[in-house]
Amino acid sequence: DTEVTQTPKHLVMGMTNKKSLKCEQHMGHRAMYWYKQKAKKPPELMFVYSYEKLSINESVPSRFSPECPNSSLLNLHLHALQPEDSALYLCASSPGEAAGTEAFFGQGTRLTVV
Amino acid sequence: AQSVAQPEDQVNVAEGNPLTVKCTYSVSGNPYLFWYVQYPNRGLQFLLKYITGDNLVKGSYGFEAEFNKSQTSFHLKKPSALVSDSALYFCAVRDYPGGSYIPTFGRGTSLIVHP
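Note that the protein sequences, when read in sequence, are chains F and V. Residue numbering for the first sequence is 31 to 144, as defined by this note's numbering. Residue numbering for the second sequence is 1256 to 1370, as defined by this note's numbering.
Chain V extracted, bound-state conformation (with noise of 0.2 Å):
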């Protein structure tokens, strides 16, 4: 079974500061890990994803992430958080090969940088 959990339902940082948005998953197999974001009344944007090779991986807007298999986390970072990163953040997983090809997704954090 897949499963994802993102603890915080909102995060909030101030504008220049770094910012880091938390996802846990669990898996039976290995897992393929994803962010989305998704700003209002939107459909969710693809940030950047884990498949394999370097555990540090670099995405759209200057987001990057780190997957760390010991403590099962893939959590979203940016050294530097811009207002108009304010949005809703989606990490998702899926299980391979034993998993569903279709990605389980976490509850959603509300990131809201201030000026």
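Next comes chain F alone, as it looks inside the complex (with noise of 0.2 Å):
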């Protein structure tokens, strides 16, 4: 199993709601990664986990919240959002924070905020 599996694919959600993106991999990989990317500009980081721990946090706003309940698991957990916040929300692993490994990404999901 080579895919890193995002639910849902696609999110409509007002300003007042709460809802939460998943991203699920069964590759062993150790390291995970939370992505923004507006159309036709390239993916912005948001967060990484190593090893299950928060190991970066690109000065996200508080809106955003991450969490890595286990090693296959990462959760993106979305309040209060602005609409400028719509984008494609995309999730990568990679097996560790060895330099020559590549990244894995999901499909993304298209977050409308509205």
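Read the hints as simulated data drawn from the structure, not as lab findings. Treat each hint with caution, since some may be false.
[As the list claims (entries may be wrong)] Below 27 Å or equal to it, Euclidean Cα-Cα: the simulated DSS-like pairs (lysine-lysine) are:
1. F:66 to V:1277
2. F:70 to V:1313
3. V:1313 to F:71
4. F:68 to V:1304
5. F:68 to F:39
6. V:1277 to F:70
7. V:1304 to F:70
8. V:1332 to F:71
[Claimed, not checked] These stretches of chain F come out as covered by chain V in the derived footprint (C-beta under 8 Å, 3 or more residues):
9. 105-117
10. 131-140
On a predicted model such as this, the values are computed, not experimentally measured, just so you know. Positions of the beta carbon are idealized from the N, C-alpha and C atoms, including for glycine.
Two chains, two frames, a set of hints: combine them into the complex.
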């Protein structure tokens, strides 16, 4: 299994809603990532978990809250988002922190904040 | 510090013709270089990487890339383009050993292959 699975594929939420994005991988990878991507732009790193501990937070607003319940799962909890948070949210994983390993990306969650 | 540049927003090529998508990089140590492709509303797919060894790297879907240390380049190539190759292509770099293990992505190049 060489897949990173993200759910849901699409999400529309109001600015007062609370929702969660989910990501799962069964490749035994120990590093997992959340990226935000706007149309025709490169992905922007949000968070990195390494061995289930948060290792990088790229100064992301607190309305985004990551969680890593176990080595296979990564969640992104959303609360009080703004319309400008609408984007494609990508999850990725890699075997670890070795620089020569490539990341495997999920298909993304298309988020629209209304 | 690690950085990467993709000088072209868009590349247009006719089906059957060779294609090149350009990438140049800047690192303090040794570059680890990657190419990813993204189809509309999908995640990024890994195409190929250069870590060490042969300067010509072969990857998925008939793509290859040539590492040129003197020109600090890692251009993506394919001998004969297909309409289905139309997508957004990202080059990424990691600086080893001193840089971040998190790759830095280029801004992306939109490849359009005309029938």
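For each hint, the structure was consulted:
1. Distance check on the hinted pair: residue 66 of chain F and residue 1277 of chain V sit about 24 Å apart at the alpha-carbon level, within 27 Å; holds.
2. Restraint check: the Cα-Cα separation between residue 70 of chain F and residue 1313 of chain V comes to about 26 Å, which is no more than 27 Å; the hinted pair holds.
3. A threshold of 27 Å between alpha carbons decides the hint, and for residue 1313 of chain V with residue 71 of chain F the separation of about 26 Å falls inside it, so the pair holds.
4. Taken as a hint, the residue 68 of chain F and residue 1304 of chain V pair is honoured in the structure, with Cα atoms around 25 Å apart against an allowance of 27 Å.
5. Proposed proximity of residue 68 of chain F and residue 39 of chain F is supported: the alpha carbons are some 16 Å apart, at most 27 Å.
6. Taking the CA atoms of residue 1277 of chain V and residue 70 of chain F, the gap is about 17 Å. The hint holds against a cut of 27 Å.
7. Only pairs whose Cα atoms come within 27 Å are accepted, and residue 1304 of chain V paired with residue 70 of chain F is accepted, the gap being roughly 22 Å.
8. With a C-alpha separation of about 22 Å, the suggested pairing of residue 1332 of chain V with residue 71 of chain F holds against the 27 Å cut-off.
9. Restraint check on the region 105-117 of chain F versus chain V: 0 residues with Cβ-Cβ distances below 8 Å, three needed, restraint violated.
10. Counting residues of the region 131-140 of chain F whose C-beta lies closer than 8 Å to any C-beta of chain V gives 8; at least three are required, and the coverage claim holds.
The earlier numbered hint that this structure contradicts is number 9, and it is the only one.
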